[in-house]
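Enquirer: So you can see what is in the structure, the chains are spelled out below.
There are 2 protein chains.
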Amino acid sequence: MVGGGQLARMTHQAAIALGQSLRVLSESPDDSAALVAADVRIGTHTDLAALREFAKGCDAVTFDHEHVPTGHIAALAAEGVKIYPGAEAIVFAQDKQRMRERLTDLGAPVPLWRPVSSVSDISDFAALVAANRAARSDASQSGWPVVAKAVRGGYDGRGVWMLDGPEAAEQLVASGTPLIVEERVPLRRELAALVARSPFGQVAAYPVVETVQQDGICVEVLAPAPGLSEERALEAQQLAIDLANALGVVGLLAVELFETEAGIVVNELAMRPHNSGHWTIEGARTSQFEQHLRAVLDYPMGETSLTAPAVVMANVLGGQPGGMSIDERMHHLFASDPGARVHLYGKQIRPGRKIGHVTVLGDDMTEVRARAVRAAKWLQEGE
Amino acid sequence: MVGGGQLARMTHQAAIALGQSLRVLSESPDDSAALVAADVRIGTHTDLAALREFAKGCDAVTFDHEHVPTGHIAALAAEGVKIYPGAEAIVFAQDKQRMRERLTDLGAPVPLWRPVSSVSDISDFAALVAANRAARSDASQSGWPVVAKAVRGGYDGRGVWMLDGPEAAEQLVASGTPLIVEERVPLRRELAALVARSPFGQVAAYPVVETVQQDGICVEVLAPAPGLSEERALEAQQLAIDLANALGVVGLLAVELFETEAGIVVNELAMRPHNSGHWTIEGARTSQFEQHLRAVLDYPMGETSLTAPAVVMANVLGGQPGGMSIDERMHHLFASDPGARVHLYGKQIRPGRKIGHVTVLGDDMTEVRARAVRAAKWLQEGE
Chain B
13 MVGGGQLARM
23 THQAAIALGQ
33 SLRVLSESPD
43 DSAALVAADV
53 RIGTHTDLAA
63 LREFAKGCDA
73 VTFDHEHVPT
83 GHIAALAAEG
93 VKIYPGAEAI
103 VFAQDKQRMR
113 ERLTDLGAPV
123 PLWRPVSSVS
133 DISDFAALVA
143 ANRAARSDAS
153 QSGWPVVAKA
163 VRGGYDGRGV
173 WMLDGPEAAE
183 QLVASGTPLI
193 VEERVPLRRE
203 LAALVARSPF
213 GQVAAYPVVE
223 TVQQDGICVE
233 VLAPAPGLSE
243 ERALEAQQLA
253 IDLANALGVV
263 GLLAVELFET
273 EAGIVVNELA
283 MRPHNSGHWT
293 IEGARTSQFE
303 QHLRAVLDYP
313 MGETSLTAPA
323 VVMANVLGGQ
333 PGGMSIDERM
343 HHLFASDPGA
353 RVHLYGKQIR
363 PGRKIGHVTV
373 LGDDMTEVRA
383 RAVRAAKWLQ
393 EGE
Chain S
13 MVGGGQLARM
23 THQAAIALGQ
33 SLRVLSESPD
43 DSAALVAADV
53 RIGTHTDLAA
63 LREFAKGCDA
73 VTFDHEHVPT
83 GHIAALAAEG
93 VKIYPGAEAI
103 VFAQDKQRMR
113 ERLTDLGAPV
123 PLWRPVSSVS
133 DISDFAALVA
143 ANRAARSDAS
153 QSGWPVVAKA
163 VRGGYDGRGV
173 WMLDGPEAAE
183 QLVASGTPLI
193 VEERVPLRRE
203 LAALVARSPF
213 GQVAAYPVVE
223 TVQQDGICVE
233 VLAPAPGLSE
243 ERALEAQQLA
253 IDLANALGVV
263 GLLAVELFET
273 EAGIVVNELA
283 MRPHNSGHWT
293 IEGARTSQFE
303 QHLRAVLDYP
313 MGETSLTAPA
323 VVMANVLGGQ
333 PGGMSIDERM
343 HHLFASDPGA
353 RVHLYGKQIR
363 PGRKIGHVTV
373 LGDDMTEVRA
383 RAVRAAKWLQ
393 EGE
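First to last, the protein sequences are chains B and S.
Note that this note's numbering has the first sequence beginning at 13, numbered continuously upward.
Note that this note's numbering has the second sequence beginning at 13, numbered continuously upward.
Just to be clear, a hint being listed does not mean it is correct.
Stated by the list, open to error - Listed next, the stretches of chain B that the computed footprint assigns to chain S, with coverage defined by at least 3 CB atoms under 8 Å from CB atoms of chain S:
(1) 296-310
(2) 313-324
(3) 341-353
(4) 356-362
Please keep in mind that the hints were generated in silico from the structure rather than gathered at the bench.
A virtual CB, placed ideally from N, CA and C, is assigned to each residue, including glycine.
Okay, chain B solo, but in the shape it has when bound (with noise of 0.2 Å):
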């Protein structure tokens, strides 16, 4: 696997239990992943002789992030190796507007959007929205604000600005960033739908998810999605089955969804083991991480089935310096809570970062939430 963070980390979990030792090209020997593999090597992902030399001896190479340049991606492949996803399908988790326009192209159901390089071009796009909804009688009488999203490089809010008016567009695209802009959608919330392809295109679909996010970054999952209706849930995990086959993923697809009253738009898109999944280690028959795993390695998908009627998954974010160490932390949450499923990543803390998860398993949404909720929050301020 390429790169070392917690994704790699816990997917090296599940490779030892299918017999494996996860290989790590890891930029740093104090990465998330590098600490606790065996076969670890020190390198950058945007180093073709340094892939080249990492994939010798793989049975197959994935990825723990969407940054390794597909030129690179391709050249391996070209070469013999086994190295999933391909370089055409994880170029629409890299690039936005490759994403936009293929997705467009596929008839998926996407926000009205645009590429812009001009002012201009962002303030002709807010006068569309404006003419759309007063088409549609909409209360809103301006397309501002408008969403401006980094066509590369995005990442947990990062990369993305709500623009109120010409003006901070005018600053943004001073900046010179490539962007998109998107009409900020109405969204009562966030749902995700996660699916496995295989080599094969044998496909497993996990039981659609809600997201929340504080600042951009997802802090809460909750499976299933409360109060789902089955028809949008299998419309969900129908659109993310139709479009990893669409796009020939092979290994995990996380589709990022808004719902709306109208129905769901396709946020964004992420092709490896992804926050919105890591809820499936205790909570679903088969984790994301084994699953990804069995699909590149091209072994028929494992049951996705969850394991207890609610499961919420919540984020430990790096809190403020201070106050009791992570140790004596972790000692007040497990007398207090015997069954949260602590899952930490090795990380020096800082404010904000990703640290940690904690998962929690019950009958009851409400408590299960309220409980996994107070666990992390334990871990990430000590009280």
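Take the given structure of chain B and dock chain S to it, following the hints.
Expert: Then chain S, alone, in the frame of chain B:
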């Protein structure tokens, strides 16, 4: 963890979730745990200098087997190393005579037994068994066969002999192995009670399981033990809790039990993660591996409740050479049973060697057991 077998391998998986990385003292770089852990030291558990060097910088030291000399454990403890279970506890898992003496003193239920050093000791013991049986009007006319056990070093059926008369006894005594003898208990089945105890003295008990042996090797574990009365289950759990406290165990204690018409008697003790607890990885809220770590790190114990009404673990033993590769077998198994949970230990296959296990969860014990046995047979024999 001293010892690099599959128990250390699976403990490493649990350590990762707790934000730790297991350091392993392994005989060989090819040992199960050495293949997957980041911090592996090569050395032998009988070498005090190696143990001392290994322990430097560890938060706590524990074992994946019971073969570390108690003198070494005591020496390290005296030097300030947190090493669990301690010498004064683990001796009862190393030495069957000391164990039987201590359990007899504690009034715990044990089979009739004696230390023996001559053929006549064994014959006298058989006569004693016969006299007891006659006094109980037992139908059995003879005290033979009796069960001889090596005082030290037995494992997986090795070091246990069924002696059907003085001639067999003569041969065994001639070998010079220090022995005890026990009455052959008219057992209905075998059970196991698993508990974990922290240095603080908190004890957590898992549901009592049924273990199925073949040629002295555990091949299946059924959780919870089918048809076991609540009363007897509580009796077995209480016995294990009492023993953990009385012996001062820190970490896991597995009490292997015989269930007879008259009640339960203790067969063996193990003080480490145990084959009878592998089902807990998916089948209990906290796995035995995490529980052992929590105990030796002095964290509060985790919840031990079942995650499904019926859980069955079946061991995968090495089959005869030839036929499908293990990889092909995995393909077939995953295709035919997507819900079977596979754990392979990364070991070279030798006939009869434990190379992995499979766990199946569900609502109906009969069905779950059939699936687990079929899955293990697939991996074992490729059919």
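Enquirer: It remains to establish, for every hint, whether it holds in the given structure.
Expert: To see whether the hints hold, each was checked on the structure:
1. A count of 3 residues in the region 296-310 of chain B with a Cβ less than 8 Å from any Cβ of chain S is obtained; the coverage claim is therefore met, three being the minimum.
2. Counting residues of the region 313-324 of chain B whose CB lies closer than 8 Å to any CB of chain S gives 6, which reaches the minimum of 3, so the coverage claim holds.
3. Given a C-beta distance limit of less than 8 Å, the hint that chain S covers the region 341-353 of chain B holds, as 7 residues qualify and 3 suffice.
4. Restraint check on the region 356-362 of chain B versus chain S: 3 residues with Cβ-Cβ distances below 8 Å, three needed, restraint holds.
In summary, this structure violates none of the numbered hints.
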